[in-house]
Structure formats: C-alpha cells, structure tokens
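J.: Protein sequences, first through last, are from chains A and C.
Heads up: the first sequence runs through residues 1 to 226, numbered per my numbering.
Heads up: the second sequence runs through residues 227 to 467, numbered per my numbering.
One should not assume that every hint holds.
[What the hints assert, rightly or not] Beyond 10 Å from chain A on every Cβ pair, some chain C residues (computed):
id	residue
1	D240
2	E305
3	H318
4	M380
5	R408
6	L451
[What the hints assert, rightly or not] With the Cβ distance kept under 10 Å, some of the chain A side facing chain C (calculated, not the full set):
id	residue
7	T42
8	G119
9	G128
10	R131
11	L212
12	E213
13	R214
Honestly, the hints are just simulated from the structure, not real lab data.
None of these values were measured; they are calculated from a predicted model.
Beta carbons are placed, not taken as given, at the ideal position from N, Cα and C, and that holds for glycine.
Spelled out from the first residue to the last, the chains are:
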Amino acid sequence: MDWLVSQISSLSKIFFYLIQTVHWTILISVLAYLIALALGLTFGILRLSPRRPVRWFASVYVNVLRGVPLLVLIFFFYFGLGKVVNMDRFVAGVLAVGICYGAYLAEIFRSGIQAIDYGQHEAAMSLGMTRWQTLRHIILPQSVRIVVPPAANEFISCLKDSSLVSIIGLRELTRAGREYSSQYFLDFQTWLMVGLIYLMLTFTLTRVVKWLERRVAVHGYGVEKR
Amino acid sequence: MIVQVKDISCRFGDITALDAVSLDVAKGDVVCIIGPSGSGKSTLLRCLNALEDIESGEIIIDGMNVDRRHRQIHQIRLEIGMVFQHFNLFPHLNVLRNVNLAQQVVRNRGKAEATQISLELLAKVGLADKMDQYPGQLSGGQKQRVAIARALAMNPKVMLFDEATSALDPEMIGEVLEVMRRLASEGMTMLVVTHEIGFAREVADRIVFLDNGKIIESGPPADLLVNPQQTRTKEFLAKVL
Ligand SMILES: Nc1ncnc2c1ncn2[C@@H]1O[C@H](COP(=O)(O)OP(=O)(O)OP(=O)(O)O)[C@@H](O)[C@H]1O
Ligand SMILES: [Mg+2]
C-alpha cells in the first residue's frame, strides 16, 4: 500500500515536472511543421515544373533530405551551420526538423497533384488559364482531399521526431526527461511518463486526423453520384 | 480564313499522329472531322488548342500564331473553346462556378457580370435550374451541356468538339447534338470530331476524312458522303453508314 502511494506520488511529481516543458515540444513541432508545409508545397509544385532545371533542383532537395538521418541534419544545422551564421539551438533545431519534413511533404503534395486527372489541367488551360491559375483554382483545391490525411499524419511523426532536438540541449519534453532521470535516478518511472505524455499528444492528434479525413472527404463535392 | 492549318506534323515517339495536314476554315463554317480510331482526329484538335506540340508547320487562328512554346499561349487559348469527350468539368465547383470561374480569373469580369453571362448560357443549353448542383449530380448529357456553356462563356472565336457525344448514353446524345446544331446555326465556327455521320451530313459545311494522320479527302457532305473518291473513304463509310 505504502509502496503504491509513493509510486503514484513520484509519478505525479514527474508528470508535473515534465508537463512544464511540453509546450516547447508543441512549439518546436508546430513551427517546424509550418516551415515544412511551405517548403513542401513549393517543392512539390516545382517538382512538376515544365522546366527541367527547376524539376531537377527540386528533386535534389527532396532526395538529399530524405536520404540523410534527421539527427545528422540537426547536428549539421547546430554544430555546422550554427557556428558559421550564429544560430541558436532553437532556430537550428526547428529549421532542421522543418527542412527535413518539407522533403517528406513535398512528395505528398507532388503525388496529390499528380493524382488529379490530367483532363482537369487541359480543361483549365483550354479556358485560357495560366499554369499558376490552374493550380490555384482547379488542381490544389481538389488535391486537398487527397493530401490532408497523409500530410496530417506527417505532423504526428514530426512531433515524435522533435524529441531528437533534445540532443542539442533544447529543453523540450525529452530533454526534461533526461534531466529528471539523471537527477533522481528514477529512469523507469521517468521514461514511462515521457512516453505516456507523447502518447497522449499523438493519440489526440490521431483523433484530429480522423476527423479531418472525414471533413475533407465531402468538402465542396456535393453528393457524388457513383 | 479564321483557321489556317499549314502543313502540320505531330509525332509521339515513332508514331506519326499527324502527317503534313493542311486545313482552312472560313468564319462561320462547320467542319466535321471523321476517321477511324487512331487516325489523329483528337491530335488535330489538340494541336489547334496548343495542347500538343507540332513538329513542323504552322497554325494561325484569327491572325494569331498558335504555338505551345509561346509565353502568352494562354491568351491565345482563351479565344478557342474546347469540349472534351469526358466533359472535364471541375468536380469541386458547382455548375455556376464552373461557368463563372474562367470568366472571372481569365477575362477579369466581375462576379455579377460573369454570373449574368453564365445564367444566359445555362438557359440556352437548358440548364438554368441546375446552377447550384455539382457535376457529380448531373447526367452525362447535362455535364456536356454545362461544358459547352463553360467554353462559350469565354466568347471563343472557334469551338472545337472532340467526340462530345461518344461517352454518352444513347438517349442523351440528342440533347447535346441539339445544342451544337443551334450553335452552328448562330454562325459559330466549329471543328467537330464526331462519329455521328447523320449530324455531319446535316450540319457540316465540309467533312474531312482523316486516316493515318493524313487528310485523305474532304468536301461538302453531299459529295463526300454520297460520292467519295478515295477507296479508303469508301471503305470507312461502308463501315459506319
Ligand atoms: N500522348 C500520346 N502519346 C503517345 N501516342 C499518342 C498520344 N496521343 C495520341 N497518340 C497516338 O497518336 C495517334 C493518333 O491519336 P488520336 O488520339 O489523335 O486518334 P483519334 O483519331 O482521336 O482516335 P479515337 O477515335 O480513338 O479518339 C494514335 O496512334 C495514338 O495512339
Ligand atoms: Mg480521339
């Protein structure tokens, strides 16, 4: 009985210690994801450019970043670039995660655009629309339906991978767990709690993604006759 | 001549889809293009709308050179309306927005003006009551009539129809041909790829028979359909008539 009470009290102590840093985890993931969205959309479109050098440039970005471990990228940004241009750990961490996820999202956007029937491009062009007008008014609104579920799932991965920035000393959830466990030697309880907090976050997000999926499935399409 | 096609060729790898095709169309004329599958009919229309590259030759529509590599090609395309076999309506927009969109973003018309034009055209194709529906809620014949209204809304100088009725159930073909017939009688210049020989006989000023990427024969329906000169035309007509 006593044992149980002391366990619960230490677990709750750990919980309240850790939860104070969870907003950093969220902030890092959200900022990184916003960067990733902007980059992903841009490079996803550029990968389909009619101009070969543009396509080539975009595919270099995507393939290089998908081919390098995120951890290495974080080291490169913080220890490598950070020393040269004087970036602090927060900026370096967010940029590394954002740029890496930009490459993943670029692939999702590219396939979302390519999934739209080419007849839609032709119809829009035959009405005199430019490539950009066609993308903006015809293709992207239809791609949303296809892109939202996988893109939202990438946010969940992004949140989990944000734990990697703990290694350059950014005080987010995982870093706080390391500090706590090395201070009080409660490794088992601490990492259990860190895991549970991540799980809470990702579980909530999974529900949000499900909800989004259902929303975009019908958005703007009226009742489809099949 | 509002449409001048001079000696154009179009190739896809080893396949020569169009082989030195020349064709002139006077303003207000209706030219029907017939021919077996794979003869290059679609390719010819697509070249006219700069949806395919031509390898040699020249296309001039109302004095404008139609060249896909031209930077302002979209400004030339908007003078040419195109109706596709599979309609290609925008499924995420309702009927009114389908007809409005290009008017607003390409022709820079205000919403009220565009809507007024759209409603007139939708009434003309008999679909004014469907303006709030989405394409997925329409029958094939209705979709194609919306597609025609959408193309007309840009005030094109020439209309291209690529097998506009081929994907339709038989009972819906008539309603679409009726709209096309009316358009022809109003003096629209039209190039119509069709398998509806009856329509061609009735409406066309000239019929062009295409085979293997070449124009084999062309002439008024009374000549070409009744008294074809070339063996291949005779063989083709024997099959479809
Ligand atoms: N994008 C393409 N890539 C490769 N070959 C093509 C392409 N488009 C057309 N072709 C080929 O060019 C030739 C002419 O095709 P086209 O579609 O113009 O024929 P069509 O007369 O319209 O036939 P159908 O009556 O079946 O529509 C065919 O041999 C076709 O296979
Ligand atoms: Mg065809």
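J.: Are any of the numbered hints broken by this structure? If so, which, sorted upward?
T.: 2, 3, 4, 7, 11, 12 and 13
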